[in-house]
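Asks: Full structure from sequences and hints, please.
Protein chains in written order, with this note's numbering: chain A, 1 to 265; chain B, 1001 to 1278; chain C, 2001 to 2287.
Treat the hints as calculated values from the structure; they're not laboratory data. Take these hints with a grain of salt, some might be off.
[Claimed, not checked] So the derived list for chain A, only partly shown, Cβ under 10 Å to chain C, looks like this: (1) K64; (2) K176; (3) K179; (4) M182; (5) G185; (6) V205; (7) R213; (8) A215; (9) D216; (10) V253.
Treat the numbers as computed from the prediction; the structure is a model and nothing was measured. Every residue, glycine too, gets a C-beta built ideally from N, C-alpha and C.
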Amino acid sequence: MLKDITIGQYFPGDTLIHKLDPRVKILTSILFIVALFFVKDFYPYIFIFLFIVAVVKTAKLPVKFILKGLKPLMFIIIITFVINLLFTKGEVLFSLGPISITKEGISQSVFMALRLILLIVGTSLLTLTTSPIALTDGIESLLSPFRKIGLPSHELAMMMTIALRFIPTLLEETDKIMKAQMARGADFESGNILNRAKSLVPLLVPLFINAFRRADELATAMEARCYRGGEGRTRLNELKFDRKDTTVLLSMVLFFGFIMSTRYW
Amino acid sequence: MKNDIMINIENVSYEYKSYVDDSIQLAVKDLSLQIRRGEFLAILGHNGSGKSTLAKMMNGMILPTRGEVYVNGINTRDEDKIWDIRSKAGMVFQNPDNQIVATIVEEDVAFGPENLGIPPKEIRKRVDDSLEAVGMSEYKKHAPHLLSGGQKQRVAIAGILAMEPDCIIFDEPTAMLDPSGRKEVMETITKLNKEKNKTIVLITHFMDEAVLADRVMVLNEGENVLMGTPREIFSQVEKLKELGLDVPQVTELAYELRKEGFDIRKDCITIEELVESL
Amino acid sequence: MIIEIENLNFIYNPGTPFEKKALDDISISIEEGDFVGLIGHTGSGKSTLVQHLNGLIKPTSGKIIIDGVDITNPETKMREIRKKVGLVFQYPEHQLFEETIYKDIAFGPKNLGLTEEEVEARVKEAMELVGLDYETLKDRSPFEISGGQKRRVAIAGVVAMKPKVLILDEPTAGLDPKGRDAILDEIKKLYERENITIILVSHSMEDIARLANTILVMHKGKVIMHDKTREIFKSADLLEDIGLDIPQVTKFMKEFKNRGHDVREDCLTIEEAKEELIKYLRGTKNA
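Replies: Here's what the structure looks like:
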């Protein structure tokens, strides 16, 4: 069950998109999000949709994989849809008791659900085509100007890397502890909220203890490998901003600028 | 002459406070040991014998309470040179999961050289060479959590190799692996010793691994109780049993038969040797 | 028969590119009171099989009957299954969570809905069975004892549920020889005293040879051998083909026999080999 989560997963490849500088991809993603919230009509979605299709095709990502990423968030999408459907005022099409469906409600709910889907799919393209390390390197580099005001950009990036590294390990461990406690008769599924919360103790306590043990061992191992913070560190893959990165970034600024401008037409 | 010694441990003791009753305990007691360059030394002992403490003193992870440890002639108390020491005496730990930092194999291998400030081009070369040496080149773009235990441990070894150490200290590297993983790792270790001429210190409680070493030291309650070639060590069946350690089954069989009055070589450690001597 | 498995199949991630057949048409039965060694490579399906036996994994198809109860029937209550089959996972000490050793061991029996007195009696008994002193240890924290002791506490937590079948997945992994021998001795005692069925999953052929009466060999999701321990280790070649070993003494006796000495080749322990060799060597000398 836990293994179904594909958000944040990297899909290795050797395409133009994979090779782009992570900073270009991060900035593009930010532009994408901003542009998405600027859109107030349906038709600019077509451009955004085409953009997504183009990226997916160029990066050779399997569509199935992307759709799978939507699954765990389906609940949120449906809630958004229903809330907008029920609570938007306007021209009533039909009503059932206190519930009434309006024309604006339908349009608004479809619009919001689409926005959410595009948001999830669009941002997942970043993590699908960028290795977590490249991503953290990109973030570290983009944040480095703020070091002057005391932002620990290297430390933040290292924390992200380690978190990403240990997510699968900890998920596996959770699964194992859960099974072990179930073998001792623990019940994680029934009862009211209070009982359920209580039943998590046999899962959470060992999980925390093991996480601390891991952290301690990892810290020792990192020290043994001469880790002493970001000062004086070099990188295997240094970020290089070349001509293709500049070209892509400029095109993205123009493209999303155009989409944002549709708001004022 | 002095240059022949990779690690020199002189009258070292290590004290710690017991968390049960706050009493002062000695993990290592007045121990001296010289590890020669290019040597493969196995340190055998059961849990709590002080072997991990001793290992951590060999690269300055912990400092002795009394006595001195020299790595490549440098005292581990010399704070300015601690990174030299750690890059020259690398260390591989028990749990492969808890020593891999990055999410891609080659980026993890690069972690050590990156910390040392090596230029990117040189790191690239070292990463490729190290992965080659442990036979993991084809996995360089893989995510570590999808590898088997033995493969993860080999990646961890490559991560140390990339710092170009003279000596690698292995702290029970196979304790959490299955038989095939153990075999992979032990093959890698012997290869590094024979082909790359790395000094190896292997801390273990598996006697079949200690058999592969040039020299074995048996540690008990922080003291060096036996030292010699594997053959000299394993022929002392009674002593080892008393210390709670294993001996190869054939060695024990030979020992039992001798007790019954049969004239058999005392120091058989392989099936072949016992068959021959019967 | 305490365990009967009929045509058991299990497929991981069916219908996805990650689809994998973990168990392939397994049909076996295990006699009550047997001590079974389960061997096979990592990934051969051992863990998947044992997790089926106490209902942690539901089969894709097939039937598992334990002590007359069909545990694959959705009507069967989990509590009934847990009472019948106890499963001790690898590194079980990583699942300890209570403040005291007593409370941790009592967790399982409490979940079975036993009274306070019964729970206490069971904890006492279980601690004694695994060689832990009840009075001195019951109020100690399970986190401040040695690794070997932690593991005993964890095993006691399952033993206290008094299962008819006890499954131990690599109970000696990561322990030193002393800790390993101590745990194996406790398991042996437990088996002899409690008249239970034990399934021991292990990579150590020496341990299996010492303890198990019968052996199940798994390979690529199938049970490829199921026989008396002595018979299994006679097929050294077959085992080696799938990357498994036989105990060193057994190997030695085989080699000795191959050199033209007329000895039994199915000795499993040093004691057996010693007796056989003494008999043989004295015999040849006298002749």
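Asks: With reference to the structure, classify each hint as holding or not holding.
Replies: Now the hints, each set against the structure:
{"no.": "1", "hint": "K64", "verdict": "9 Å, holds"}
{"no.": "2", "hint": "K176", "verdict": "7 Å, holds"}
{"no.": "3", "hint": "K179", "verdict": "5 Å, holds"}
{"no.": "4", "hint": "M182", "verdict": "6 Å, holds"}
{"no.": "5", "hint": "G185", "verdict": "3 Å, holds"}
{"no.": "6", "hint": "V205", "verdict": "4 Å, holds"}
{"no.": "7", "hint": "R213", "verdict": "9 Å, holds"}
{"no.": "8", "hint": "A215", "verdict": "15 Å, violated"}
{"no.": "9", "hint": "D216", "verdict": "14 Å, violated"}
{"no.": "10", "hint": "V253", "verdict": "37 Å, violated"}
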